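*Asks:* Take a look at the letters that make up each chain.
Protein chains: 4
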Amino acid sequence: MDLEDLQVQIRNFARERDWEQFHTIKNLILAVSGEIGELASVVQWISDIDSSSLEADPKLRAAFEEEVADIFIYLLRLADVSNIDLIKVTKEKMRENSLRYTVEKAKGNARKQEK
Amino acid sequence: MDLEDLQVQIRNFARERDWEQFHTIKNLILAVSGEIGELASVVQWISDIDSSSLEADPKLRAAFEEEVADIFIYLLRLADVSNIDLIKVTKEKMRENSLRYTVEKAKGNARKQEK
Amino acid sequence: MDLEDLQVQIRNFARERDWEQFHTIKNLILAVSGEIGELASVVQWISDIDSSSLEADPKLRAAFEEEVADIFIYLLRLADVSNIDLIKVTKEKMRENSLRYTVEKAKGNARKQEK
Amino acid sequence: MDLEDLQVQIRNFARERDWEQFHTIKNLILAVSGEIGELASVVQWISDIDSSSLEADPKLRAAFEEEVADIFIYLLRLADVSNIDLIKVTKEKMRENSLRYTVEKAKGNARKQEK
Numbered sequence: 001m002d003l004e005d006l007q008v009q010i011r012n013f014a015r016e017r018d019w020e021q022f023h024t025i026k027n028l029i030l031a032v033s034g035e036i037g038e039l040a041s042v043v044q045w046i047s048d049i050d051s052s053s054l055e056a057d058p059k060l061r062a063a064f065e066e067e068v069a070d071i072f073i074y075l076l077r078l079a080d081v082s083n084i085d086l087i088k089v090t091k092e093k094m095r096e097n098s099l100r101y102t103v104e105k106a107k108g109n110a111r112k113q114e115k
Numbered sequence: 001m002d003l004e005d006l007q008v009q010i011r012n013f014a015r016e017r018d019w020e021q022f023h024t025i026k027n028l029i030l031a032v033s034g035e036i037g038e039l040a041s042v043v044q045w046i047s048d049i050d051s052s053s054l055e056a057d058p059k060l061r062a063a064f065e066e067e068v069a070d071i072f073i074y075l076l077r078l079a080d081v082s083n084i085d086l087i088k089v090t091k092e093k094m095r096e097n098s099l100r101y102t103v104e105k106a107k108g109n110a111r112k113q114e115k
Numbered sequence: 001m002d003l004e005d006l007q008v009q010i011r012n013f014a015r016e017r018d019w020e021q022f023h024t025i026k027n028l029i030l031a032v033s034g035e036i037g038e039l040a041s042v043v044q045w046i047s048d049i050d051s052s053s054l055e056a057d058p059k060l061r062a063a064f065e066e067e068v069a070d071i072f073i074y075l076l077r078l079a080d081v082s083n084i085d086l087i088k089v090t091k092e093k094m095r096e097n098s099l100r101y102t103v104e105k106a107k108g109n110a111r112k113q114e115k
Numbered sequence: 001m002d003l004e005d006l007q008v009q010i011r012n013f014a015r016e017r018d019w020e021q022f023h024t025i026k027n028l029i030l031a032v033s034g035e036i037g038e039l040a041s042v043v044q045w046i047s048d049i050d051s052s053s054l055e056a057d058p059k060l061r062a063a064f065e066e067e068v069a070d071i072f073i074y075l076l077r078l079a080d081v082s083n084i085d086l087i088k089v090t091k092e093k094m095r096e097n098s099l100r101y102t103v104e105k106a107k108g109n110a111r112k113q114e115k
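Protein chains in written order, with my numbering: chain A, 1 to 115; chain Y, 1 to 115; chain V, 1 to 115; chain D, 1 to 115.
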């Protein structure tokens, strides 16, 4: 299953439940914020969380995965109602990032560069 | 280009710049929060924003697309460093959502259902 | 009770529970993000929410107030561990905003001004 | 100057610029999200940031303070348009937290407690 199939599935899910009325751009941005907030809550008090912490704790991993999935569901839905091709705009942004953050300038330095 | 290629490209981008040291799980969640915050800033004062507002205003659309792309870049990177298969966990969540929000129960009603 | 008393109360609350170890700057920013995310979740699907919607629905109002309180608790705690005088920096920012957004320039126009 | 004076100042600032039309509950929640996102961006790549990092780097401290102030400005404005007494609801939440997270139960353990 590729990204577009998933996006269509999410669109149909909303349509069947008559939820399109709720899926305005602002509401979906609030929903993405809500889910990233929930993900933040999952990790906020865990010192030094990394991929091995997630592997070692199936309950934590399940909670983490669920929030990541929720963010992605709403992000796909937001791109859909905004008529944005998520892969295309992301590839363009990566191209722009390559020019803006050349290896030479950016090596070992995560400081934001002027456009 | 599919999702995995994009994820590999983002990973290589980080590796070449020696940015892997910055890409801890917490830092990447802060980064996703930062980008969703920037997207919120783009729309916050626009009444009734929808896909036609974006079409009618190329500058707004460009800003919007850029933030959506940034969210997705960091979400892909977060999934990568967390060893999460984004498509797989999202499909699983959608399956769970189908059971939790049956059409019968959820039609026209966006209220959160107990698990 | 004024702001500083409240801040001291929150500090003591953390101290008594031996929670100071968890209250790093990054963790507290994640916690504020988490709470603003929960507030976003409370309103996300409600069309045209305003103060009268809150008055008309005591359960909604209680949920809303609780999240606003949680944001403020973590913001006060964040200011405390960062040695920031919240009132002072906010007054300074308002002074700066007055210069940046003069009534003449900003009337009826919420667009961001260059510094 | 106390909290209410600050809140009145922010209200007048909005009124004089005819910005009340933009200050709906949802827009202000998006604005708080935006500012917490900007604060997240300030710290996201800094390892081990704490109050002494802020003291040692005046530019970082200024950026940090500015975002904290912006969060507080929008939070005060949100409380104002929602007719919420920020101090009152926060004191109530702290009282509830005291019962929910007793020292006995919560000492050294930041896990969320059921209500």
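No lab work stands behind these hints, which were simulated from the structure alone. Quantities reported herein were computed from a predicted structural model and do not represent experimental measurements. Backbone N, C-alpha and C define an ideal beta-carbon position, used for all residues, glycine too. Heads up, a few of these hints could be off.
Unchecked claim - Derived lysine-lysine pairs resembling DSSO-like cross-links, with alpha carbons at most 27 Å apart:
#1 K91(V) / K59(Y)
#2 K91(A) / K105(Y)
#3 K59(Y) / K91(A)
#4 K88(A) / K107(Y)
#5 K93(Y) / K88(A)
#6 K107(V) / K93(V)
#7 K93(Y) / K59(A)
#8 K59(Y) / K112(A)
#9 K88(D) / K105(D)
#10 K107(Y) / K59(V)
#11 K112(V) / K93(V)
#12 K59(A) / K112(Y)
#13 K112(D) / K59(A)
#14 K107(D) / K112(Y)
#15 K93(D) / K105(D)
#16 K112(V) / K93(A)
#17 K112(D) / K93(D)
#18 K88(V) / K105(V)
#19 K91(V) / K107(D)
#20 K93(D) / K59(V)
#21 K88(D) / K59(A)
#22 K91(A) / K112(Y)
#23 K59(Y) / K107(V)
Claimed, not checked - Quick list of simulated restraints, FRET-style, between CB atoms:
#24 N12(D) / N12(A): 43 to 51 Å
#25 R11(D) / E92(A): 50 to 58 Å
#26 D5(A) / E104(Y): 23 to 31 Å
#27 N12(Y) / K112(V): 31 to 39 Å
#28 L99(A) / E104(D): 53 to 61 Å
*Asks:* Take the hints in turn and mark each one as holding or not.
*Replies:* Against the structure, the hints come out as follows:
{"no.": "1", "hint": "K91(V) / K59(Y)", "result": "violated, 33 Å"}
{"no.": "2", "hint": "K91(A) / K105(Y)", "result": "violated, 39 Å"}
{"no.": "3", "hint": "K59(Y) / K91(A)", "result": "holds, 19 Å"}
{"no.": "4", "hint": "K88(A) / K107(Y)", "result": "violated, 33 Å"}
{"no.": "5", "hint": "K93(Y) / K88(A)", "result": "holds, 25 Å"}
{"no.": "6", "hint": "K107(V) / K93(V)", "result": "holds, 19 Å"}
{"no.": "7", "hint": "K93(Y) / K59(A)", "result": "holds, 15 Å"}
{"no.": "8", "hint": "K59(Y) / K112(A)", "result": "holds, 22 Å"}
{"no.": "9", "hint": "K88(D) / K105(D)", "result": "holds, 26 Å"}
{"no.": "10", "hint": "K107(Y) / K59(V)", "result": "holds, 22 Å"}
{"no.": "11", "hint": "K112(V) / K93(V)", "result": "holds, 15 Å"}
{"no.": "12", "hint": "K59(A) / K112(Y)", "result": "holds, 22 Å"}
{"no.": "13", "hint": "K112(D) / K59(A)", "result": "holds, 14 Å"}
{"no.": "14", "hint": "K107(D) / K112(Y)", "result": "violated, 32 Å"}
{"no.": "15", "hint": "K93(D) / K105(D)", "result": "holds, 18 Å"}
{"no.": "16", "hint": "K112(V) / K93(A)", "result": "holds, 23 Å"}
{"no.": "17", "hint": "K112(D) / K93(D)", "result": "holds, 15 Å"}
{"no.": "18", "hint": "K88(V) / K105(V)", "result": "holds, 26 Å"}
{"no.": "19", "hint": "K91(V) / K107(D)", "result": "violated, 37 Å"}
{"no.": "20", "hint": "K93(D) / K59(V)", "result": "holds, 15 Å"}
{"no.": "21", "hint": "K88(D) / K59(A)", "result": "violated, 36 Å"}
{"no.": "22", "hint": "K91(A) / K112(Y)", "result": "violated, 35 Å"}
{"no.": "23", "hint": "K59(Y) / K107(V)", "result": "holds, 22 Å"}
{"no.": "24", "hint": "N12(D) / N12(A): 43 to 51 Å", "result": "holds, 49 Å"}
{"no.": "25", "hint": "R11(D) / E92(A): 50 to 58 Å", "result": "violated, 42 Å"}
{"no.": "26", "hint": "D5(A) / E104(Y): 23 to 31 Å", "result": "holds, 25 Å"}
{"no.": "27", "hint": "N12(Y) / K112(V): 31 to 39 Å", "result": "holds, 34 Å"}
{"no.": "28", "hint": "L99(A) / E104(D): 53 to 61 Å", "result": "holds, 58 Å"}
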